[in-house]
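Colleague: Knowing the structure of chain A, use the given hints to seat chain B on it.
Each chain is listed here by its residues.
Protein chains: 2
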Amino acid sequence: MSLTFELTILGTGSATPTLRRNPSAQVLNVREKLYLIDCGEGTQIALRKNKIKFQSIECVFISHLHGDHYLGLQGLLSTFGLLGRQKELHIYSPPGLEKITQLQFELSGSKATYPIHFHELTMDVHENIVENDHLNITAFPLKHRVPTYGFLFKEKKKLRHINGRVTKELSIPHYAFDKLKKGEDFIHPESGELFSYKALTLPADPSFSYAYCSDTAYMQKLKSIIKGVDLLYHESTFLHKDVILARKTKHSTAQQAATLAKEAEVKKLLLGHYSSRYPSLKLLLEEAKSIFDNTILTDDGDVFSLSKSDI
Amino acid sequence: MSLTFELTILGTGSATPTLRRNPSAQVLNVREKLYLIDCGEGTQIALRKNKIKFQSIECVFISHLHGDHYLGLQGLLSTFGLLGRQKELHIYSPPGLEKITQLQFELSGSKATYPIHFHELTMDVHENIVENDHLNITAFPLKHRVPTYGFLFKEKKKLRHINGRVTKELSIPHYAFDKLKKGEDFIHPESGELFSYKALTLPADPSFSYAYCSDTAYMQKLKSIIKGVDLLYHESTFLHKDVILARKTKHSTAQQAATLAKEAEVKKLLLGHYSSRYPSLKLLLEEAKSIFDNTILTDDGDVFSLSKSDI
Chain A
1 MSLTFELTIL GTGSATPTLR RNPSAQVLNV REKLYLIDCG EGTQIALRKN KIKFQSIECV
61 FISHLHGDHY LGLQGLLSTF GLLGRQKELH IYSPPGLEKI TQLQFELSGS KATYPIHFHE
121 LTMDVHENIV ENDHLNITAF PLKHRVPTYG FLFKEKKKLR HINGRVTKEL SIPHYAFDKL
181 KKGEDFIHPE SGELFSYKAL TLPADPSFSY AYCSDTAYMQ KLKSIIKGVD LLYHESTFLH
241 KDVILARKTK HSTAQQAATL AKEAEVKKLL LGHYSSRYPS LKLLLEEAKS IFDNTILTDD
301 GDVFSLSKSD I
Chain B
1 MSLTFELTIL GTGSATPTLR RNPSAQVLNV REKLYLIDCG EGTQIALRKN KIKFQSIECV
61 FISHLHGDHY LGLQGLLSTF GLLGRQKELH IYSPPGLEKI TQLQFELSGS KATYPIHFHE
121 LTMDVHENIV ENDHLNITAF PLKHRVPTYG FLFKEKKKLR HINGRVTKEL SIPHYAFDKL
181 KKGEDFIHPE SGELFSYKAL TLPADPSFSY AYCSDTAYMQ KLKSIIKGVD LLYHESTFLH
241 KDVILARKTK HSTAQQAATL AKEAEVKKLL LGHYSSRYPS LKLLLEEAKS IFDNTILTDD
301 GDVFSLSKSD I
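In order, the protein sequences belong to chains A and B. Position 223 (the first sequence) corresponds to 223 in our numbering; numbering is contiguous. Position 212 (the second sequence) corresponds to 212 in our numbering; numbering is contiguous.
Bound conformation, chain A alone (with noise of 0.2 Å):
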């Protein structure tokens, strides 16, 4: 089985998309199942233009219902079903977006051929809000104009290798193989000898994880729940020059976003949802490497691909 952990930035626009740069959106691909994080108008299009197939997508995050981060939802919900979609889709928001997406629905005199299981996020903690074989997924308040959250995604410990050459030597049963990989010691139920797991089998491949931080003011809390993720996208609307403006509007400066990556001691920092005011980013980019080196300024139709040698 593919083992994918592949994040793909459609938008990395704020508040007025422009020719260049999408309004937020992502997917996240976790061995071929896709969860779509925020949905700004046009998505449909950066998801076709990033050749994603639309109808692996299992699980949509909205972060908040500002316009940059929702508008394109309900056209894609739309072509979901024009495309002959059948099989479910939740969609976990702030309150708000069950109405919006009815009354739209309603409106047109149609409504989804699929079942939408819409999940409202009220919590003021970090909570568990998915969890499937391979992943759980929590999401946890930013802080912004409205209520807004964050999600981490991390995949759970994964299962030993069985070591074929050892296994084979030493006439170990097919059966004891779950076990093992899962790290249970083997007793032979004939000769009643312990097999130590670690002797049969190797090390599990590496659980990745991945933390959606926008939009947010700088929340020097949020340390404790995205420590040490592989991969940490944050905004990064402002420089720090502008950090009143950042300080008002409740968003976050580069250098925030990297102050808060080397404290929580992430792998890699992603900075997005730029403001349009800056001709160039390289300031950005410099800001936050200055704090934290391991930076990427990213664009629209970025793709960050993790696998063992990432490790």
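Hints in this document: simulated from the structure, not taken from any laboratory. There could be a bad hint or two in this list.
Same chains, same names: a pair is fine if it fits in one copy or spans any two.
[Claimed, not checked] Derived lysine-lysine pairs resembling DSSO-like cross-links, with alpha carbons at most 30 Å apart:
id : residue 1 : residue 2
1  : K111      : K241
2  : K282      : K182
3  : K268      : K248
4  : K182      : K227
5  : K241      : K168
6  : K289      : K154
7  : K111      : K250
8  : K248      : K87
9  : K99       : K143
10 : K182      : K267
11 : K227      : K157
12 : K182      : K99
13 : K168      : K87
14 : K179      : K289
15 : K143      : K111
16 : K250      : K87
17 : K250      : K99
18 : K111      : K181
19 : K248      : K111
20 : K51       : K282
21 : K308      : K227
22 : K262      : K49
23 : K241      : K181
24 : K282      : K49
25 : K221      : K198
Modeller: Relative to chain A, chain B alone:
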């Protein structure tokens, strides 16, 4: 003063936007006042791409509340605000749009910084909805799956031109010019002599008209409403071989659009709102041209500018 009468096509696709075609949106420029007709997802980007001056949009006309005709509006309204708009905006649409817009503003914790006036279209006959110095705009019901309106933009009769050579020769006083331009004769207050406006003026420039009919099933009775317009945009979602589907979904075929154009004796027919099922639109054009020769297959970004020489 510029006598511009120019239509820019921003989107020619139908329900599902593609990489090739935006959903419905157009801008009509009449003497530098801009009228936005429909506003599918991505319209604000299409406006930028076509270098149209956003803020000169005075009125928005939404034909109906299917997503491909209005989902770009909320983003545009928000961008107007972010760009500092203060000028009022008038929006004409079937009922419901105001509720959606208000809900979206409310949930985003914001409101428009400029006055927005919503005008609900509910009439079942052809009616005047806007009148200004240069233009009459009327709306008329179309036949679609939800309440839908077509729009007719008709320039008022223009003023005749003073024939400077003659007025100078006959020493006609300047204060007489306004009346002469309107086609009224002039009696000299001293001599009592009557001067015919025909002798002192040259004919007025032509007055142009444009009719927008999308989305709609074939409606023979539109003939009298759109009689003789210079430009008719009529949806042609399907080829006539798919007329059963057209009837079912209340759309038109290219043949039907052309039949109406011919019966209404319009000057030029613009086709659009193409189903994405046809790999090439050549057959749509051939089908229409076999009935009404002056037919154009519109494309995103096309501009139709009318001037004296078109008459």
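Colleague: Would you list, in rising numerical order, the hints stated earlier that this structure does not obey?
Modeller: Hints 2, 5, 12, 13, 14, 18, 22, 23, 25 are the ones this structure does not satisfy, whereas the remaining hints hold.
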